[in-house]
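Colleague: Let the hints inform the model, and build the full structure from the sequences given.
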Amino acid sequence: MERNPLRRQLQIMRKSLFDQGYLDEQFVQLEELQDESNPNFVEEVVTLYYRDSARLILNIEQALERKPYNFHKLDAYMHQFKGSSSSIGAKKVKAESTLFREYCKSGNGEGCMRCFQQLKKEYTTLRKKLEAYFQVARQAGPMETACRPK
Amino acid sequence: MEAAAADILPSGSSQELHVLAVDDSYVDRKVIEKLLKISSCKVTAVESGARALQFLGLDGEKGSLGFDGLKVNLIMTDYSMPGMTGYELLKKIKRSSAFREIPVVIMSSENILTRIDSCLEEGAEEFLVKPVKLSDVRRLMKDCVMRGETEGNNAGRRVDKRKFEDDNHTSSLSSSSSSTPSPPSSPSTTAPFGGDVATSELVSSLPPHSSKRAKFHDGD
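So the protein lines, in turn, are chains A and F. Just add 86 to the spot in the first sequence (first one is 1) and you have this note's numbering. Just add 19 to the spot in the second sequence (first one is 1) and you have this note's numbering.
The set of hints was computed from the structure by calculation and includes no laboratory data. Predicted model, so just to flag it, every value in this text is computed and none were measured. We put the beta carbon where it would ideally sit given N, CA and C, even for glycine. It cannot be assumed that every hint is accurate.
So the derived label-pair ranges between C-beta atoms look like this [to be verified]:
#1 F:Arg119 - A:Arg200: 46 to 52 Å
#2 F:Pro101 - A:Arg89: 49 to 55 Å
#3 A:Gln221 - F:His37: 34 to 40 Å
#4 F:Asn130 - A:Asn126: 28 to 34 Å
#5 A:Arg141 - F:Arg114: 31 to 37 Å
Modeller: What follows is the structure, encoded as structure tokens:
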């Protein structure tokens with residue numbers, strides 16, 4: 087158990103993100119890539135993800151405004167979005183992406199719309215939580231959250 | 020056993036493996052780049068098959084981008100990319116006399132058997148399911164370098180497998196010879212104490228109680 091209060095807080099935040107299903111094993115993989123030469127790697131990747139995926143969210147939003155829905159296009163956008171979400175370990179977001187793609191495949195426009203609203207909620211919630219987490223991480227200083235097996 | 024590419028290369032060789040990574044996702048490029056750098060590789064990450072071909076000099080344009088022509092030891096490409104897919108890139112590479120020897124690994128978020136089959140048939144070294152892990156990359160480095168050290172692609176693999184089997188065989192032989200020889204134990208020779216033959220022999224060699232008692236009583 088960490089003595090340093092900031093690090094303890096960080097540990098608790100981290101555990102909660104996993105316990106509540108926001109993050110999966112892939113996030114740990116990213117943590118293992120972090121080292122002294124690149125101490126903010128995870129934050130950099132997550133920042134990149136949010137910046138990059140914003141474009142896809144917008145594309146999907148616009149596509150959902152055009153009726154009839156082009157399910158093929160929607161599925162293609164979501165495929166990309168799901169890939170990136172998976173790469174950072176965004177578990178809930180990834181699950182919603184999978185569901186969205188299933189609705190696309192079955193041509194269920196209502197389902198797509200509802201699912202997309204939920205996806206955006208999860209996406210936003212995760213961002214807030216991760217922003218808070220990284221803020222504490224930066225204050226706490228370098229800490230080994232995961233050990234890369236030698 | 021964990022190993023980085025630099026650890027496995029024969030001593031005296033200080034060359035790092037140069038990997039060309041192809042992925043249209045910015046996030047994935049960043050991650051794969053890091054995975055490879057941590058495994059002591061030189062990395063060139065490009066966003067499309069077209070750029071990959073340009074880099075290799077296969078795009079038909081002469082002296083177009085002035086790349087320093089670093090030898091590429093491995094190509095890792097995403098499957099689903101707009102324009103040229105990873106599969107199409109794979110085909111182009113395997114059909115080029117200059118580059119067909121370079122191992123190509125396909126990465127895909129979708130675990131589709133027909134897709135995997137067609138990639139392997141077209142000459143892909145491996146098909147990795149995304150997201151790619153550090154252990155995947157380390158395994159690749161090992162396989163890739165082992166291939167480079169032997170003559171043929173398949174020959175290298177087979178030799179390694181046989182060697183491993185031989186090692187296993189000899190080690191199992193030596194272990195059985197070094198253990199204490201177990202006495203023949205069969206149900207018909209069960210001793211009173213249920214122990215092995217040696218013990219029961221010891222028991223039966225002791226003088227029976229009855230003869231001793233008789234002697235004692237006589238003394239009274």
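Colleague: Work down the list of hints and note, for each, if the structure agrees.
Modeller: Results of checking the hints against the structure:
1. In this structure the supplied range 46 to 52 Å holds for Arg119 (chain F) paired with Arg200 (chain A), their Cβ-Cβ distance being about 49 Å.
2. Taking the beta carbon of each, Pro101 (chain F) and Arg89 (chain A) are about 51 Å apart, inside 49 to 55 Å as hinted.
3. The hinted range of 34 to 40 Å is satisfied by Gln221 (chain A) and His37 (chain F), whose Cβ atoms lie roughly 38 Å apart.
4. The beta-carbon spacing between Asn130 (chain F) and Asn126 (chain A), approximately 32 Å, falls within the hinted interval of 28 to 34 Å.
5. A hinted range of 31 to 37 Å for the beta carbons of Arg141 (chain A) and Arg114 (chain F) is consistent with their spacing of about 35 Å.
Going through the hint list in order, the structure satisfies each hint without exception.
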